[in-house]
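K.L.:
Assemble the complex: chain A is given as a structure, and chain B must be docked to it using the hints.
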Amino acid sequence: MPKQGVVPDDLTRPFWEAANEHRLVIQSCVACKHLQHPPAPVCRVCGSDTVEWKEMSGRGTIYNYGVVHDCPIRLLQEDQPFNVAVVMLAEDPGIQMYSHLPGTPVDEVPVGAEVEVTFEATANGQMVPEWRVVGSSGEGGEPA
Amino acid sequence: MTENAPATMYRTDEGTGPWEHRGKVAAVGVGHSPTARRWDGRAETCVGAISLIALRRAIEDAGVDPAEIDGLVMDPVTTTGAYWPKGKPVPEEVTSAFNSTDNPLDGIAGLSAEWILKNMPELTGIDFTMYGPGCMSNAICVAAQAVGDGLANTCLVLKSWHNYEGRYYQGGANAGSDLPGTAALHALWGTPACYGTALQFAEYCRKYGKNHDMMAPFIENSRQNGLKFPEGYWASHRPEEITPEDYKAARWIAKPANLFDNDLPIMVSAAYLYTTAERARDMRQKPVYILNHAASNTRPRSLTPTLDEVEADTARTARKIYEGAGITAADLSFENMYDGFAQFHQFHIEGLGYRGMKFGEALDFYQTDISIHGPNPILPSGGNIGCGRSRFWMHTDCIQQIQQRAGERQVTGVKPEVAVSGGPMPLGGRFTVWSATPD
Chain A
1 MPKQGVVPDD LTRPFWEAAN EHRLVIQSCV ACKHLQHPPA PVCRVCGSDT VEWKEMSGRG
61 TIYNYGVVHD CPIRLLQEDQ PFNVAVVMLA EDPGIQMYSH LPGTPVDEVP VGAEVEVTFE
121 ATANGQMVPE WRVVGSSGEG GEPA
Chain B
145 MTENAPATMY RTDEGTGPWE HRGKVAAVGV GHSPTARRWD GRAETCVGAI SLIALRRAIE
205 DAGVDPAEID GLVMDPVTTT GAYWPKGKPV PEEVTSAFNS TDNPLDGIAG LSAEWILKNM
265 PELTGIDFTM YGPGCMSNAI CVAAQAVGDG LANTCLVLKS WHNYEGRYYQ GGANAGSDLP
325 GTAALHALWG TPACYGTALQ FAEYCRKYGK NHDMMAPFIE NSRQNGLKFP EGYWASHRPE
385 EITPEDYKAA RWIAKPANLF DNDLPIMVSA AYLYTTAERA RDMRQKPVYI LNHAASNTRP
445 RSLTPTLDEV EADTARTARK IYEGAGITAA DLSFENMYDG FAQFHQFHIE GLGYRGMKFG
505 EALDFYQTDI SIHGPNPILP SGGNIGCGRS RFWMHTDCIQ QIQQRAGERQ VTGVKPEVAV
565 SGGPMPLGGR FTVWSATPD
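Those protein sequence lines, which keep their order, are chains A and B. Mapped onto this note's numbering, the consecutive letters of the first sequence carry residue numbers 1 to 144. Mapped onto this note's numbering, the consecutive letters of the second sequence carry residue numbers 145 to 583.
If you are wondering where the hints come from, they were derived from the structure by calculation, not from laboratory data. We treat Cβ as the ideally placed atom computed from N, Cα and C, and that holds for glycine. Watch out, some of these pointers could steer you wrong.
[Claimed, not checked] So the derived label-pair ranges between C-beta atoms look like this:
#	chain 1	residue 1	chain 2	residue 2	range
1	A	55	B	236	56 to 62 Å
2	B	277	A	30	33 to 39 Å
3	B	232	A	81	32 to 38 Å
Chain A on its own, in the form it takes in the complex:
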């Protein structure tokens, strides 16, 4: 599915740069080790402004999903309906990422299944983390 391009901003640049290297990084507080996503200028738990980016394993599980039939993004409308799943990271199930789950049939999302990260190019070439059900052989992004 052709996602819109991404123009990294200061807050998220490390995340997008890592994606271009097929790495998944998440912001982590140096002081209290709390992981947070989306990123923020300071730790949302302890308020420390010393945050770093930690590389994740790229493994997770499907927490939940919906099927989008009426998408507000023009570029995606031709592909309706499509899955949008919420993935919980293996390192911290409180950290969520969205996924179109390439290779998983529409509305046949196995909630609780293990997934692994892949990376796919958006419209401007910026890579974005996507997720594939482990063992799935459908079409999708490049392997991590």
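P.N.:
Same frame as chain A, but now just chain B:
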């Protein structure tokens, strides 16, 4: 210059005991504008104009001299998701019909307190203005606190909405080729606004063994009640019921949320008049006393709230609501919690423990008599599903039910003495407890 209300105006903490102004502030006037699906471009129907209608109707309803009003609390943001197209000329025939401010779109695509005061010369006594941004739910909390704190004695509260041509949220960045990095973390996957609620509802159904069809009686009841709200969009323009069959056959937006789980963006304005309990005694309408206002400032841990986060927060909010009001769930005559998206409503009322309800029980409750004529009325206003998206029908209804002037909507299976309304979302909502008596 009007400022946003400071965070201290909202009651966000547990354990603070009864609200210090419990029963000392009252709503005494209600005014609604006509509704429209979209703006037709005329001066007399712009968001500024309909706001003036609502404000003047609230003043008239309360029977006060406009010169006696000393406060105005409102939301300056009026968009339903529609924005003035970049580069599109501002219509001269509209701006010239009003006293304008430095912002040429004031009164058309937003609304400042300054614009209101410039166009209501009869409000000669206003010396307090404040913004309660977000929804009427926010603004009335700010107004109640302001009157209680003595910042104003007789205070107008206003919330207005504009809507333009075009499909909901399909312009702007959503039609473009690129997104900024921070927005992209949410937006790249193309989820419509109801997606987050649909997710919570999906988890709810899995956890408690429920299904989407079980929402049908709630939707049917909401539209029936909404059609009894003469100021509502559906009652005014399209008096169409929603049968369970209609609901079950409706197209999906983000499964498991369908068309009728979503409310309809409209243009509308409402205003209330708040004053002290003492001042309220000799006004035209029976005072409806504010027993408490409460707020949630909870943010989800990550991209979207989990069901656990929702349930923890609705329970926390209920404790704040009851503690500050000095009541329990058993004291509620009826409820008017937020519904647009429809799938929010069960979270709110389960958190409240309305009629002894526990988590996972609301959809079973919907299969019983939830009408305005039964002992367990659910959303007698009809809410946003029943009347169109304003996020204030439920507040108006609480006031009018308790005043016994809700007309065809009047609840008959219970005596309307104490009610709660508020929203929108479980996380981040603002809530008010209304009462026929001050104690």
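K.L.:
Need the list of violated hint numbers for this structure, in ascending order.
P.N.:
none
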